[in-house]
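Engineer: What follows is each chain in one-letter form.
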Amino acid sequence: MTQMALLQNSLVVGAILFALGLVGILARRNLIVMFLSAELMLQGISVSLVAWSRHHGDWGGHVLVIFVLTVAACEAAIALVFVLRAFAATGRLDSAAWQSLRESNLPRVVDHELPSIDTIPPTFPTLTPAGVLPAADENERLQREHV
Amino acid sequence: MLQDISPATLLVLVPLLPLVGAVLTVLLGRALGSRAHLPAVAGIAASAAVALSLLFALARDVGVTPGAHGEPGRPVEMTTTLWQWAAVDDAYAPPAGSPAEAAGAAIGADSPGATELRRFSIPITLRLDPLTATMLAIITCVGLLVAIYSIGYMHGDPGYPRFFALVSMFVFSMTMLVAASNFLLVYVFWEAVGACSYLLIGFWFTKPEAARAAKKAFLVNRIGDFGLAVATFLLWMTYGTLNFHDTIAADNTILPGILGRTQLADAAGYAGGVVGTAICLLLLLAACGKSAQMPLHVWLPDAMEGPTPASALIHAATMVTAGIYLIARCSPLFVACPGALTVVSIVGATTALVAALIATVQTDLKRVLAYSTISQLGYMFASLGTGTLLGFTAAIVHLVTHAFFKALLFLGAGSVMHSMGGVIDMRRFGGLRRIMPITAATFLIGSLALAGVAPFAGFFSKDEILATLHAKGWPHAHGEQHEAAPADGHAHVPVAARFSSLRSSTAAVPEVKLDALDRPGVWRTLFWMSLITAGLTAFYTFRAVFMTFTGPTRVPDEAGHHAHESPPVMTLPLVILAIASAVSGWWLFSTQSLATFLSSTPSFTAPAIADTAVPHAFHLDLALQGTLAAAIGIAVAAIGHLGRRSDGPQLERFLGPLGTLFANRFYFDQIYSAFIVKPLEAVALIAAAFDRYVIDGLVDGVARIPGAVGQVVRRLQSGLLQRYALAGVMGTLLIVLALAWRLR
Amino acid sequence: MIANVFAELTPGLVLAAAVTATAASLWLLLPRGREQAAARWLGAALGVAALAGFIATGRRLGGLGEESVFLIVSLVAVVSGAATIVSRSPVYAAIWFALALAGVAGVLLVLGAQFLGVATIVVYAGAILVMFLFVLMLAQPAGLAPYDRVSNEPLLSAVAGAVLLGLLTLSIGRLSATPAACCKVPSRAAALGGPAAPVAAEPAAVVPADPLAADHVARLGGELFGRHLLAVEAAGVLLLVALIGSIAIVSRDDTPGGVESTVGRRTSP
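Protein chains in written order, with our numbering: chain A, 12 to 158; chain B, 99 to 842; chain C, -3 to 265.
By construction, these hints were calculated from the structure, which means they are not laboratory data. Do not rely on the hints blindly, as some may be mistaken.
Said to hold, decoys possible - What the simulated footprint calls covered on chain C by chain A, stretch by stretch (three residues with Cβ under 8 Å from a Cβ of chain A suffice, anywhere in the stretch; the number is not a length): (1) 26 to 36; (2) 64 to 77; (3) 87 to 95; (4) 115 to 124; (5) 154 to 168; (6) 224 to 233; (7) 238 to 245.
C-beta atoms are modelled at their ideal positions from N, C-alpha and C, and glycine is treated no differently.
Please work from the sequences and hints to get the whole structure.
Structural biologist: In structure tokens form, the structure reads like this:
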């Protein structure tokens, strides 16, 4: 693979990661997942930077990625604290919990009633009974519903 | 004392002193309180003294000697230029090589009109000649007497200082109007006088009738002002100048003014034809507006809503004479257009007759006097329209005597009104001669003068007017050849008018059809109309006298128990004016001093006018006819009203439908309302509806667009952070896409 | 001729199809409230198709066959990244993210950035991600929250991301070995030493002597602590400030029903 092809392919990978992160930021409502998406975007940038660094043959990209890592760490620390505070205030990790800056006469955006998830009851393998029926321990039977 | 000051300074002082008085009254009015009349009265008094001294000085210069009459005068005038206004030096100089430059070359650089065109300026020039001096003296003297009278009449009015400021301002405007030596200045003060009149009619502006009357007077006057404005434009187009007087340019060339000696000496100097007639008719329109002639007379009776002194000063003695002055001043223009002159007479005589007929059935004392004023002004117009020297001087002499006796009558009416608690309806009082003898006596003198009873003032001046009309109607009876109009009659192209294509084209227009009116038959009709008017004048005057001052004493309730003679400050002017009304006519007639003096007015020395001078004579037959008419009128009035209760509508019953016609003032107001006011109101309604629903609707519709857009866009302001982020990303993408498309 | 036109158009069509497939796949995969297994399977299939499209584009870019390692690690990164953003459960998302980090680290290693590859694993997966998980454990309620089951404008977001991706890929495909004159960056020597140094002296693309050289980390360290020492110090200060700031913010007790229940009580003196 030529240097040019390596550069271009690496850039495409970075672009994909960046775009995925963007979609996550825009679409997902969980604050933690939004964060993860932001970090994904940073990863895409890091890939691109390193690819360019290799292409140009200097250390600038590497150094910048190191600082990106540093700043990402700081950002994560601060932002997670904010997330905690926000959770403490609302009890949710929902980005839509804050709508106070909307137009005064617009109704608050609320989620529609979601269809309940069909929780499939866990099934367990059933063995063909063989031999002598073990003596049932009453205590154990009270504590365990299924074997 | 006054002889030591140069005439030019004195001439400036005449308008300046009332102006100073007005300004001082405005500034100090509140502080002076009940003495607010002091600056105004002092200013007008000083102005009157100066004006009289100027009059006598000028009379000495002209050399009026009793008996030396019947001769055409030599022009006497003096001008003083204060400063140049709107000086546009060489502003018209076109750039070299332009078509305008070529046109200028074709005109000829040495043509005076071309120079004037390039050097446009309005000189602020005051002039003094016999006509101006006479007018100044009348205005300031009557103004002074009215101002003194007002001290008593307006006492205690909350607008006391305002009244005196306005009167002073009016005297300033009027003196400037008659002293100005430029058509534009005349126009300016023509408007200023109208504005003062508006403010004085609407002096009690909280009274709806007064406010309406002021508005009406102003609007009707605007029609006349429009005529004056257009006439001024046409004069500029025709003569290339607006000055009355000749001016001497820097290179010693004489720039002829419209009424300057150069122009007057040129026998064919004035435009006839269509343009000349148009100018004259427009000037007549202006005069009709200001002097309340038909069909623009409707404002004057309503103007009686103002304070009575203002009515006496403005709407009887001075302002309404502005139209007379204007036509007299422009007499050389008029004599070049015999048709227009005849129209002046027809308008005057018709107005005189109609107003007199209306006056016969009025029950409001001031309204009687108002219609009487219109009628007398019509006399003056009829006299002016004859176009003879005698006609012009007779009109001015009648103006002077009329100023005396009409001011006297108005002030007498004001005195009655003052005493009767504001009531002016003649049916509600009577026999007042026992309560207010001075007022009654002076009012009687004024009435005798107005009715034309010898030897009071009106007799002589009215006799002159009848004589001049008679001379036009029966020219051979007077043994003279009237050459009022140039024999060939058609248009003369003035010297200064030869450079304009417009003028050359109009000059080619032949005789105007209007000139055909100048026939003895027409003049005879006018003479008879005037004679009938004289009889009617005597009738309605004495009807008013009998209803007011004779019969059983009746006092309206409004007067309370204090119906009394007016204070001396009000009766003194009455007495002075009564003496003037009694003797001025005889004196002026017997000595012919004023007529001779006036014949030196430059305007009256135009050959076409000066040639009509006739030896002064007393026409016994005409005097007998006039006296007979007056006697019949007085007799009928005595039969109808002397010694009877004054509240019966006897005359209307006697006249039947004609009485209704007169009482409704020939339905002028109704006709105007139906044919002018109502259609205009309809147009205004349509325009207002158009404005409200179309224009405003358009604007409101445009204004609703942002609101509608906002209603849609505000839904985007959900407060959800991620939607904002999405919008930001999409916007960025759009920009990137556009860039990518561009850099493709 | 038609074949020529088709050949001309094919790469563009492939890219367009890949972008469309990406958008559709993301839209189908993102949580939309309704749990339809078929939709998710369709989304996954479309995602695979989109990946194939991008791989096809990449293959055209320069013979990917011999670098299968790159292909594998990048596929890991991309698929894990996609799984990160479409996972309903944030815990799963975090774990998928860890896998994506591993993929990214692999890509970095392929690109010769040994230190960075390792550092990404250590710092992200070892420190930051663990922190996320702690927070999740502190804050995540039991079960799936409603806000984890719905997305904010999934279609528009997916389209926006896909269009961005298409634009970036398009512009990346237009890169050429020699940059256009307008885009030529002056060499560092020229920038520092003035205009005397000829621009052509710097080669367009210089391969570092050996990406896997033994002294790679030493040279990066030399660069970092040599030319960028001041920035390193600033980054250190930033870390300290962030540390102090997060402690200060989290331990404020001005909210009613404050944060004590989640992060522990402040010890009163």
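Engineer: Of the numbered hints stated earlier in the document, which are not met by this structure?
Structural biologist: none
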